[in-house]
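Peer 1: Residues per chain, in single letters:
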Amino acid sequence: MISVENVSFNYPSGPEVLHDMNLRINDGEFVAIMGENGAGKTTLVKMFNGLLKPVRGRVLIDGVETHQKSVAQLSRDVGLIFQNPDHQLFAETVQGELAFSLRNFGFSEDVIQRRVTNLLTALDLERYATSSPFVLSGGERKRVALAAILVWDPKHVIMDEPTIGQDYLQKDRLRHFIMQLKSQEKTVVIVTHDVEFVAECKPRVILLSQGKVIADGSAVDILTNRRLVEQSSLVMPQIASLMNNLNSLHAPPGIIDAYSAREFLKDKLRRAVTTRPPPER
Amino acid sequence: MDLSFTYAGADKPSMENVDLSIEKGEFVILTGPSGCGKTTFCRCLNGLIPNFYAGDLRGELKVDGIDVRGKSTAELATHVGFVFQNPENQLFSLSVERDVAFGLENLGIPREEALKRVEWAMEVTGILNLRNKAPYELSGGQQQRAAIAGVLAMRPGIIVLDEPTSFLDPKSAEEIVAVIAKLNQELNLTTLLVEHRLDVVSKYANRVIVMDKGKVALDGPPGEIYGDEARLIGIGLPRVTMLFHLLRRDGFQVKKNPTTVQQAAEELNRMLNQ
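Going down the list, the sequences are from chains A and B. Using the working numbering, read the first sequence as starting at 88 and increasing by one per residue. Using the working numbering, read the second sequence as starting at 858 and increasing by one per residue.
Honestly, I wouldn't trust all of these hints.
Said to hold, decoys possible - The calculated PhoX-like cross-link candidates involving lysine-lysine, where the alpha carbons are at most 25 Å apart (straight line), are:
1. B/K1028 x A/K299
2. A/K355 x B/K1112
3. A/K273 x A/K242
4. B/K973 x B/K1028
5. B/K1028 x B/K1060
6. A/K355 x A/K269
7. B/K1028 x A/K289
8. B/K869 x A/K355
9. B/K1112 x A/K353
10. A/K133 x A/K299
11. B/K881 x B/K919
12. B/K1113 x A/K353
To be verified - Have a look at the derived ranges for each label pair, beta carbon to beta carbon:
13. A/L110 x B/N1126: 39 to 47 Å
14. B/L972 x A/D259: 35 to 43 Å
15. B/D876 x A/L138: 46 to 54 Å
In short, the hints are calculated from the structure, not lab data. Since the model is a prediction, treat every value here as computed from it, not as a measurement. Idealized CB from N, CA, C, for every residue including glycine.
Next up, chain B with everything else stripped away, as it sits in the complex:
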């Protein structure tokens, strides 16, 4: 609610009067030009702001009904799981299994329970066969799965992923996004995915929030959001959506804003055969 933050030493806020609420189980994409305040917003959700990044935080933020202010990052970690861009920043143990268990050990979860959760987290992310491998032996996609498993083991209700696919090759990126979508569906896990590559993620999300200059500029389902305004802000529309913008500009009657190749093919067939 009305959330603003100015980093210490910066002369203007990175995020200003952000007002939004995300419901349980939603799959939300957060996007916007570089420097728009996306990462700043995410850092507030798990208490990195204001606990680790000094600055001036104003407004109110509740996660799972809890006021984040005054809560430690460790406390919030059981509510909000955080996955970073580069899995190498998140993994450090000698085996995948140890890495997935790390957060639980820190929370002092009893061994029996911890083992069960680690097993479960590795299973849902599809890395059971990698348990004894060292993180540096894994491919980027496998590392990112391990990072997600470590976060899931904490059983958060919300998962925040800050451009989790940007270091991955396109095929691994698609696989990771599919894993995230599956977890969202099966666990009813509230998912906030920060992404520039909307072509990969649009088919899964039910809502897109576009931030610009520290504020929420647009908020709604992908097909409605991906209009001219989004293009002007500079977000990377899926290429098929962009093609339809161009055709509309050429004077053709375009009814829908397709966000996937499938939808674009259907719409083109309709236009060609009407």
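Pulled out of the complex, with its shape left as it was, chain A reads as follows:
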């Protein structure tokens, strides 16, 4: 469990960026942290593996205060994948990148081999095993950075903007992958601006604005709330706007992705076809 209790934070001699924040994320939960640029999202998640420590208040990972552990110790349980993969990658080959931490953690070579292979397959990277991470595209490097953390199987997985630079198929793959992590009882926290991705995955959403939690609830409740969407510089998912636009259809709340819209409209369209008056002779 990740608990944030009365946490305030400022960078040295900077203004306060998190104000008296409280939240709790249970094991196995899937949470999206959203909010405008500068809302404090990245600062908050850097507290989860102890990269930053609160100035006031405390952060507890599985009941232990982050102050009591080093980043290296915390990282074993909390895998944080940075927004910019280049802050993380350094090895000469993709498989070397993945094996590095496992060697440090003292795993045996056959375990390392197996885990590296599994992850490269899961993230569609097998063909790059012996390539340098630096000849890959931005989106591919991002997946290598993700694989390099997941390979040591942390209990809590934190991803900062995982969908940037990913095309639709890769996002779909990422979505399935997150569901798989969830089914293994892992906590998955993503920081994201990608409202369409959130509309499709429907995680719990924690909405930040100016260093405070302004809302905490389901993706549907938050992404269809015009006031909240406006306040945190988000936009409504396209499908939610479409349903608003067609208010004469009286769509039930909760239709924010193409698949649920399809189910709803299929029914409406069939009815429109069958109730249509017969053509005049």
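On the provided structure of chain A, position chain B as indicated by the hints.
Peer 2: Chain B in isolation, oriented as in the chain A frame:
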């Protein structure tokens, strides 16, 4: 024309036999799966390839009628402006104004002329009020505007933006895309926008080029391009377009491929009331 490039150390080309021409004033979206060669193509336009990225470049590329081969990136900068994904990589001065002026100072443009251009560039991007701020004091959207202003001050005829909205919150992203569209219209600035988020940009573009595996796979107006083939390549169709793909698969008579919420609402109303 027939452009190919293989990065040094890579075993196959990142871009192969790309053949296309973009006319003055067009607003083109370049999209495709990650690793399809989009960024490689853009790097050729301003000479970063082959000047900074070593490798094997074949074929011919003309920008504003000039053969880019053998031209320095500085020379090309007055023809092609480049805006990157992350504005933090592009801004470094102590004030916005200095940042916007930086490129001009490097070109040795006379002070009077430079001041005029800086003023103009800040005005058209809507950042006059930010001139004395340090870039790190700005929001992501403001930073990206400053980066665009710095590029515009060089008065290029062509602007290339490589996923300029990906680090921005959705509202700032919409605003930046609107600024880009306005510049395209008002200055007749040829615009090449690399984007995955087609839902935000489709309403402005008159042409979409889809690259896949280093080649041009599709090329045409958004409504025509966003078909089954595009979906199979894996590009992120606007969600309303995707909805209509699903409805068509269910057997409904869909006439158009809507690319915006407005068009989708109209088409649905037609289908429901016909």
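Peer 1: Now tell me if each hint is right for this structure.
Peer 2: Going down the list of hints, with the structure as the test:
no.: 1; hint: B/K1028 x A/K299; result: 19 Å, holds
no.: 2; hint: A/K355 x B/K1112; result: 18 Å, holds
no.: 3; hint: A/K273 x A/K242; result: 5 Å, holds
no.: 4; hint: B/K973 x B/K1028; result: 30 Å, violated
no.: 5; hint: B/K1028 x B/K1060; result: 16 Å, holds
no.: 6; hint: A/K355 x A/K269; result: 34 Å, violated
no.: 7; hint: B/K1028 x A/K289; result: 20 Å, holds
no.: 8; hint: B/K869 x A/K355; result: 51 Å, violated
no.: 9; hint: B/K1112 x A/K353; result: 16 Å, holds
no.: 10; hint: A/K133 x A/K299; result: 16 Å, holds
no.: 11; hint: B/K881 x B/K919; result: 13 Å, holds
no.: 12; hint: B/K1113 x A/K353; result: 17 Å, holds
no.: 13; hint: A/L110 x B/N1126: 39 to 47 Å; result: 43 Å, holds
no.: 14; hint: B/L972 x A/D259: 35 to 43 Å; result: 50 Å, violated
no.: 15; hint: B/D876 x A/L138: 46 to 54 Å; result: 48 Å, holds
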